[in-house]
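**Student:** Here is what each chain is made of, one letter per residue.
4 protein chains.
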Amino acid sequence: MKKRIGILTSGGDCPGLNAAIRAVAKSAYNKMDVEIIGINDGFKGLINKDYKIMKPEDFSGILTRGGTILGTARTPFKKMRKIEEDNVDKVKAMVINYNALALDVLVVLGGNGTHKNANLLREEGLNIIALPKTIDNDIWGTDLTFGFHSAVDIATDVIDRIHTTADSHDRVMLVELMGNKAGWLTLYSGVAGGADVVLIPEIPFTIENVLSALKERYNNGKNFSILAIAEGARTQEEALMTRKEFKKHRRNLKDPSISFSLAQEISSRLGFETRVTIPGHQQRGGAPTSYDRVLATQFGAHAIELIEKNQFGYTVALENNKIVSKPLEEVAGKLKTVNLDNPLIQAGRLVGTSFGD
Amino acid sequence: MKKRIGILTSGGDCPGLNAAIRAVAKSAYNKMDVEIIGINDGFKGLINKDYKIMKPEDFSGILTRGGTILGTARTPFKKMRKIEEDNVDKVKAMVINYNALALDVLVVLGGNGTHKNANLLREEGLNIIALPKTIDNDIWGTDLTFGFHSAVDIATDVIDRIHTTADSHDRVMLVELMGNKAGWLTLYSGVAGGADVVLIPEIPFTIENVLSALKERYNNGKNFSILAIAEGARTQEEALMTRKEFKKHRRNLKDPSISFSLAQEISSRLGFETRVTIPGHQQRGGAPTSYDRVLATQFGAHAIELIEKNQFGYTVALENNKIVSKPLEEVAGKLKTVNLDNPLIQAGRLVGTSFGD
Amino acid sequence: MKKRIGILTSGGDCPGLNAAIRAVAKSAYNKMDVEIIGINDGFKGLINKDYKIMKPEDFSGILTRGGTILGTARTPFKKMRKIEEDNVDKVKAMVINYNALALDVLVVLGGNGTHKNANLLREEGLNIIALPKTIDNDIWGTDLTFGFHSAVDIATDVIDRIHTTADSHDRVMLVELMGNKAGWLTLYSGVAGGADVVLIPEIPFTIENVLSALKERYNNGKNFSILAIAEGARTQEEALMTRKEFKKHRRNLKDPSISFSLAQEISSRLGFETRVTIPGHQQRGGAPTSYDRVLATQFGAHAIELIEKNQFGYTVALENNKIVSKPLEEVAGKLKTVNLDNPLIQAGRLVGTSFGD
Amino acid sequence: MKKRIGILTSGGDCPGLNAAIRAVAKSAYNKMDVEIIGINDGFKGLINKDYKIMKPEDFSGILTRGGTILGTARTPFKKMRKIEEDNVDKVKAMVINYNALALDVLVVLGGNGTHKNANLLREEGLNIIALPKTIDNDIWGTDLTFGFHSAVDIATDVIDRIHTTADSHDRVMLVELMGNKAGWLTLYSGVAGGADVVLIPEIPFTIENVLSALKERYNNGKNFSILAIAEGARTQEEALMTRKEFKKHRRNLKDPSISFSLAQEISSRLGFETRVTIPGHQQRGGAPTSYDRVLATQFGAHAIELIEKNQFGYTVALENNKIVSKPLEEVAGKLKTVNLDNPLIQAGRLVGTSFGD
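Residue numbers (our numbering), protein chains in the order written: chain A, 1 to 357; chain B, 358 to 714; chain C, 715 to 1071; chain D, 1072 to 1428.
Careful: at least some of the hints might be erroneous.
To be verified - With the Cβ distance kept under 10 Å, some of the chain C side facing chain B (calculated, not the full set):
{"id": "1", "residue": "A739"}
{"id": "2", "residue": "T778"}
{"id": "3", "residue": "I921"}
{"id": "4", "residue": "D1006"}
{"id": "5", "residue": "V1008"}
{"id": "6", "residue": "Q1060"}
Said to hold, decoys possible - Pairwise CB distance ranges, derived in the manner of DEER restraints:
{"id": "7", "chain 1": "B", "residue 1": "N577", "chain 2": "A", "residue 2": "N223", "range": "49 to 57 Å"}
{"id": "8", "chain 1": "A", "residue 1": "N310", "chain 2": "B", "residue 2": "S624", "range": "23 to 31 Å"}
{"id": "9", "chain 1": "A", "residue 1": "L253", "chain 2": "B", "residue 2": "N696", "range": "41 to 49 Å"}
{"id": "10", "chain 1": "B", "residue 1": "N387", "chain 2": "C", "residue 2": "K962", "range": "36 to 44 Å"}
{"id": "11", "chain 1": "C", "residue 1": "P1041", "chain 2": "A", "residue 2": "K55", "range": "40 to 48 Å"}
{"id": "12", "chain 1": "B", "residue 1": "E480", "chain 2": "A", "residue 2": "N223", "range": "29 to 37 Å"}
{"id": "13", "chain 1": "B", "residue 1": "H606", "chain 2": "C", "residue 2": "E1043", "range": "55 to 63 Å"}
{"id": "14", "chain 1": "A", "residue 1": "S267", "chain 2": "B", "residue 2": "G628", "range": "34 to 42 Å"}
{"id": "15", "chain 1": "A", "residue 1": "L253", "chain 2": "B", "residue 2": "H606", "range": "21 to 29 Å"}
{"id": "16", "chain 1": "C", "residue 1": "K962", "chain 2": "D", "residue 2": "L1324", "range": "22 to 30 Å"}
{"id": "17", "chain 1": "A", "residue 1": "E208", "chain 2": "D", "residue 2": "D1214", "range": "33 to 41 Å"}
{"id": "18", "chain 1": "D", "residue 1": "E1316", "chain 2": "A", "residue 2": "K55", "range": "30 to 38 Å"}
{"id": "19", "chain 1": "A", "residue 1": "K322", "chain 2": "C", "residue 2": "F960", "range": "43 to 51 Å"}
Because the hints were derived from the structure by calculation, they are not lab data.
Backbone N, C-alpha and C fix where the C-beta goes; we use that ideal spot for every residue, glycine too.
With the rest of the complex left out, here is chain A (with noise of 0.2 Å):
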């Protein structure tokens, strides 16, 4: 009998997603007798059973291609974790199209919030693997996310560009990179493009630290510095309050961003001049690396491995060069932030970045 496979992604898209699709359709075909059904626009699709059967030609020259080809959304996550507490209306209608659809398995990709839902389906008696992508490497239990190395490129890309006109208008200039809670993309691409000063959530700043150090590149007779701040940084006082307290302050302060703010500083106390460069969701977007590409095809692949061997309710995970499975229970829920005797962090301080601490 033909094996079920459904399959969804979930979440802030990010490269790699086709890779990994591509890979979990082409070991299945290649492995087993199988139906691969797409469900459209993550779990939304699978609440209101809008899905497509797939054919082998669908997962054809998808290698490269950003995005989804399944369709993505947020939303219905953060729905989720209100029906945790007062109902559970959405969680029984994808029980239902579950088991509607006649599913042997539902693979996953997503990323922390993805996670998390995925054992709240484990938890109601589905089997599930789930796939770890995600810009932020934040998931835990895996060394690596796929997207990640994708999205390092781009901003160390951006990093690089700053730098060249930062260094011929003797500007102070500060890129803003994604990351809320977790610090790695900017602490990869800043060092990656030679970020004079990186500040990420994980450590707190003082503006003194930051200032003085701009201040003694300046005596060293530089004529330019590049900051590399993430959005979720913050200052040492700001670290001291609570969740509450820290977004009414951010608000009084009227900037739109941490890098206002901090360009802000700087012109007026130092006098230089200053400039801000966002990226955005550029970094989400475009071609996966060879680097991810590799990655996601092992994750993939590995995800058919587990469900020959009816092995659920696990994410694959990279763990020292290895492709191997957690149990979802475990992952979900925690966030993977960067310790502070990360290696980057040491090497980064040798070779000159102050992170501002």
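Given chain A's structure and the hints, the job is docking chains B, C and D onto it.
**Tutor:** Same frame as chain A, but now just chains B, C and D:
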């Protein structure tokens, strides 16, 4: 006797400056007995007699490099405009230093402001050759400026990346590109990137038209839309305002830019999810494309041909695929904006792009 | 009544074909009641009545894609040349199928051979519009073909990469680029990449001149050199041979190509370490650059303007920055090679490039 | 007293050398009172006492640059192998010059050969730290070498470009990549590029297997195929030969490389049109990717940590995501090839890649 050629880069930087500098230098060393004097940081360097005697090896390996090895500055130009009215000290200083450095000619690489300044110096009797560079492509008298096509490539790449994420998320994405008075960059990258709506200063738009273009796409089954918006784009209402009224009007909108106002309208009136991306200064950075290297090389080489023939007071230009020269006095102070009968606007309309008019 | 437009791509593929196909289709759907018939694999598809009825969604998302969604083939063209002499069966078959498909017009995207074939069909009374594509830029009557600047970008990128390794290793590096009869691609990428020697078919070289250019660089303290060589480059001696003598002469050299022969001479007579790189078919692949997307879009949109006005028997062309049309009979069978007074050759010589002549 | 650190780069160049040099230098200037002595052109420079005293500004702006600012050479290594047997003059010369330059340590960046040489110098009592660089990723003791992932990116980009043209033309395209003994580069870029057949030295193939993989694709309705072939790939028959027999066997084939022989077989026995592309030295050139910049920065910074602790005779390595050091004597002379149970081979097989075995 050695010919003494001064060279400076002024105004906002752009890809191709070093390629042009290299072409000037290599052609000069090949054709004449020459000493090249690099003036630091644009006209500011000439005012302050801040310069370096260049050697042939200074021009090696710079063809591909972004920025300018001579440095540049914007400020002096603004101050020079004031000088025109109330005193001539700075222009005088430049004339004095030109003579003190015993220059035979000053080669000036820059945009509109620079051409205006270059013409001021020409009127003082200095031998000037200008080379038109800018990502805005708005210099009168030349079909193209170097830097432009590199910026188009970068902006198109941003739109491409945004495309994949827009499609995956059913979103309306707004990309705000550089260009205050001229829409060349937004027009070219908008068409190249397949933007559904392109808004440029030369074609005032109405919000109603933009909304109905988006609704039409939605009715045709398209789940997402891309808008490419020049930072200087304005509504038909705004187009009737004086500069002063316009600025006041925009300040009252509270949004940091036109794109945010528009995003607000789209999401509140059509209910679409929107995101704004502002690539900012990355549009001026990084290595020049092959196109700009070829153009910059031709412009730089032509400058030396003019100098050989003692033809001064010109800017080099591209006209109907030929490298020609135009009197500075004809070019200075004029702006080349997009004509409404530009064939690319026609082609854009034909393939279904809305210009909001 | 619906207008029936056939469309096919023929000859070697190049970046921008899909962008042009999209522009033809989108403009047609916008301007007229139309049915678009995609002919598969070039003229071969027309001969064999191998086609598909296209739908609007077939043209979505293809702007950036390399290759051609219609497929292409070279072979039939060669056979058609024979047809001219000894029989007309294949041309007849095409006329029959054109009529059987009830086409109002056939839009043909291709290079020199394709234009020749298109003209044959025109002579048979068919309504033909041609669009000039090729990485060689050698189609008579148009300043530029789409595909060309994308190939220049790729070739320049190869030269850039070779540059860093040449410099590090004190080597003479030879890069052999596409172009049998026309040297446009090698000329543009050679100048853009800063090649020290550029050899193109239009400027026969002598080995002595190449060697002395390399020696001169060495004497000036340069530790490496880069040669950009068109595959059709030939010595002054070879230039005097008949096509037959020339081919025999080359076969006797035993080296797989001109670059290897030249590398051999350089290393044996000057003692420099040499390496040959042949990027090959990567020069025709991948996404078109923004430049080519804009050009292909304009060409494709213009085709529909001609069709609207019932103007047939033309190829679309770029002339002095304007999109125009040229009678096929004027263009077919002619080759546009590089003129010796091309301004880029002049500029190249000025910056010190040797053309080996 | 100032610490005197010598630094040299040896063997084939690769992206990331300058990034590593910069990290060594910046970390040294930050942590100690230091004089850095740049040895020119690898071991040759040490033999000939060809060096320059470096200044901090020499290391500015080189993070992104391909090649090596110190120059490199391959030849001396080959000669040194002979030295081991018949005389020690060159090693002696290096010891003498190391002492004459009063070096406290010599940092050596290179591949397998370099590590062997570095170990020879260690045995002579010199303080040596090695950093593993190579596009081949074949250095024993480290999970990754810098330069590798940049080369994978370049090779993958070539395969991507070939892909679009293969598809349009119904062709079998063969891409021959660097790697004589180790297939890492071909394996990674082959999987990343979605090659249908991947041939590496570690997995001897049979022509029959390759042909039947191609036939199977054809029978499944695929109109084209891509082969990624390491230059050192060999048949199962060849794998049984001695090195000498193998070389003789290949010479008799007359084709310039394995790819051409294979293309010949494919076209004559299956009737498919074939094309061979050999990207060659572009695989080692250009700016390092963000991945390699990060790795090179960590390696370079770690070298200074070892020097601070007076730990000499080590090479820096990546092991399970940690930066560690390994005794040179353990690493020298060993080759890290692809294990047959490498997870990427498994994943490749799962998604349908043929390895020809």
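**Student:** Decide, hint by hint, whether the structure agrees.
**Tutor:** Okay, the hints, checked on the actual structure:
About 9 Å separates the beta-carbon of C/A739 from the nearest beta-carbon of chain B, less than 10 Å, and the hint is met. This hint holds: C/T778 has a C-beta 6 Å from the nearest C-beta of chain B, less than the 10 Å allowed. For C/I921, the interface hint is violated, the least distance from its beta-carbon to any beta-carbon of chain B being 23 Å, above 10 Å. With a cut of 10 Å, the hint placing C/D1006 at the interface with chain B holds, because the nearest CB-to-CB distance is about 9 Å.
A hinted interface residue such as C/V1008 counts as satisfied when its beta carbon comes closer than 10 Å to some beta carbon of chain B; here the least separation is about 5 Å, so the hint holds. Nearest Cβ of chain B to the Cβ of C/Q1060: about 7 Å, under the 10 Å cut. The hint holds. For B/N577 paired with A/N223, a C-beta distance near 52 Å keeps the hint of 49 to 57 Å intact. Between A/N310 and B/S624, the C-beta spacing of about 45 Å breaks the proposed range 23 to 31 Å.
The given range of 41 to 49 Å is respected by A/L253 and B/N696, whose C-beta atoms sit roughly 44 Å from each other. B/N387 and C/K962 have their C-beta atoms about 40 Å apart, which keeps the hinted 36 to 44 Å range intact. As the Cβ distance of C/P1041 to A/K55 is approximately 46 Å, the hint placing it in 40 to 48 Å holds. The hinted range of 29 to 37 Å is satisfied by B/E480 and A/N223, whose Cβ atoms lie roughly 32 Å apart.
Between B/H606 and C/E1043 the Cβ separation comes to about 58 Å, which falls inside the hinted range of 55 to 63 Å. The beta-carbon spacing between A/S267 and B/G628, approximately 39 Å, falls within the hinted interval of 34 to 42 Å. Our hint of 21 to 29 Å for A/L253 and B/H606 holds, since their Cβ atoms are close to 25 Å apart. With their beta carbons about 24 Å apart, C/K962 and D/L1324 fall inside the hinted range of 22 to 30 Å.
Range check, A/E208 to D/D1214: Cβ separation about 40 Å, and the 33 to 41 Å hint holds. The beta-carbon spacing between D/E1316 and A/K55, approximately 49 Å, falls outside the hinted interval of 30 to 38 Å. The hinted window of 43 to 51 Å between A/K322 and C/F960 is violated, with their beta carbons roughly 58 Å apart.
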